[in-house]
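Chemist: Please put together the full structure from these sequences, using the hints given.
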Amino acid sequence: MRLGEIEKAMQAGELGRTRQWAIEQQLRVGRFFDAQDFVEVAQVHIMADTESLGASGVEFLEEVARAPEAERRVRVPTITDPRGIDFDAYRRLRQTEWMADLERRAIDAFRALGVLMTDTCINYQIVMPPVLGQHLAFGDTGSTIYANSVQGARTNFEGGPSALAAALTGRTPRYGYHLPERRRATHAFRIEVQPHNWADWGALGGLIGRKLQSYWSVPLIEGFEARPTSDQLKHFGAALASYGTVALFHMPGITPEAPTRAAVVDGAGPSPVRVAADDLAAFYKGFDAPGDKLDVVVFSAPQLSLFELETLAALLDGKRVHPATTMLAITAPEIRASAVRHGLVQRIEASGAIVLGGVCFYQMHAREIGEANGWTRLMSNSAKLVNIIGGYGYKPTLATMERCIESAVAGRVL
Amino acid sequence: MSGDRILRAHPGIGPRVTAAALVASDYFSARYDLDRINGVFSRPAHRLYGQGYVGRVLVLLGAKGGVATAWMLREMAARRMAPAALLLNTSNPIMAQGAAFADLAFMDRFDIDVTAAIPNGARVTVDPAAGTVTIHAG
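Line order of the protein sequences matches chains S and G.
The opening position of the first sequence corresponds to residue 773 in our numbering, with each subsequent residue numbered one higher.
The opening position of the second sequence corresponds to residue 3 in our numbering, with each subsequent residue numbered one higher.
A couple of the hints might just be wrong.
Claimed, not checked - Stretch-level coverage of chain G by chain S, calculated; a stretch enters the list once three of its residues show a Cβ under 8 Å from a Cβ in chain S: (1) 17-25; (2) 97-104.
To be verified - A few chain G residues that don't get close to chain S, going by computed Cβ distances all over 10 Å: (3) Arg45; (4) Gln53; (5) Val56; (6) Leu63; (7) Gly123; (8) Ile137.
Because the hints were derived from the structure by calculation, they are not lab data.
All C-beta atoms, glycine included, are put in the ideal place defined by N, C-alpha and C.
Modeler: And the structure:
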């Protein structure tokens, strides 16, 4: 890779050992993907929940944090993805003190680096929305696909260590979705069933993702009769990335790089694959479990927006969650505070549900809290969550927010 | 050695290792698919469900899902609960970033379908710097 003066200085250790580690980590990845050089990034978003980090990852962060201040401070604005502990609720959820201790240590280390603990996966909605053509290092598949697709920014999936390296160097290897030629549509889909709610949008993302299964696939999706909202695209993108490891999609007339189909396809382009009503119905059926005792209902993955919380509050007004069922609604710390100000948290929690801030369910040591609370059957309107959580020992069911609530009140899957 | 077969791929990441292969026509994510405490595949729908992966050369179709694997490979290695190597037909950045962080042997972009070329249980030598995988005879 061609290196500039500052990159050579980092490699030589002239800017300290932490930046030397960071540029070496990036060089290994850049060479693997045949990157020719680096590109400066405007923002970094780090995924670093303590279940993923483990003790060794936290110790690594602490070692970085012990470096002299001039050597350890991040070079660009850097924020965090959801964490594993909501300190106001962890005992109630039977998370343990060792989980909380590990979390505190990770937070202290990040703060010593100058990282802002935003603890959110919807940073593109609530912190600093990226802009067209901006290079980033985003470290959550949902934030990456949204920034690339809906906002026209440029980022690869940057896992925790590489996002941290980007924060310390202020740049990232120029490969993948930083390159215009990688951003052309490789597959096409025609939607013949209109999504009516957030679960449908996620299910469509999941359906298309299952057909792709490659990071290098860029789907173009046509056929929507109405212009989607940010929350709808959030669920769609998060599921597409989760089921298909996809990082970029185009919707002609909706997403900024595709004012027309011709703008993102070469020649005639790929032939569209139909996505029909029976495909959507089959997707839901794969998660169905009518009559099963319902242990936990989770609204999360991605974290809820203020409008989603408002809808949830309205649907829960006057209802009571069954005593044998737990309902969790999860959002960003800033949105939770705002929702308290608007009276939404109080209305949601009056039903017996719990509103958590700064976490995401599958990042909360999900296996351990499932075992501690006796949770097996999980219900959610998040297609992403039901895809992930099976590996943690849960039996997931996908349904609309309305059906999740009706089931939570009944204590069984309706 | 006579009878050995050599597969070629893009140069990879990590050290040269030799171990038995664990092969499936399926995808991989450490978060989605593994019980990392007990070292087994825990996702019921995965073709390797219930099988132990520790110390094996894991051979799968491609990467799947989220970003957590980038931290998890090193955490698994620190507890001696990691695979010996990871071979995929097609990677995503997360697997490469995680392998670089963990110093785990990792390769992709083979000239054939690696899950069809390597028999399950075969003893293989992974040489990322050379971009080769040797399937040992017998």
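Chemist: Which numbered conditions among the earlier hints are violated in the structure presented, ordered from lowest to highest?
Modeler: The structure breaks hints 1, 3 and 6; every other hint is satisfied.
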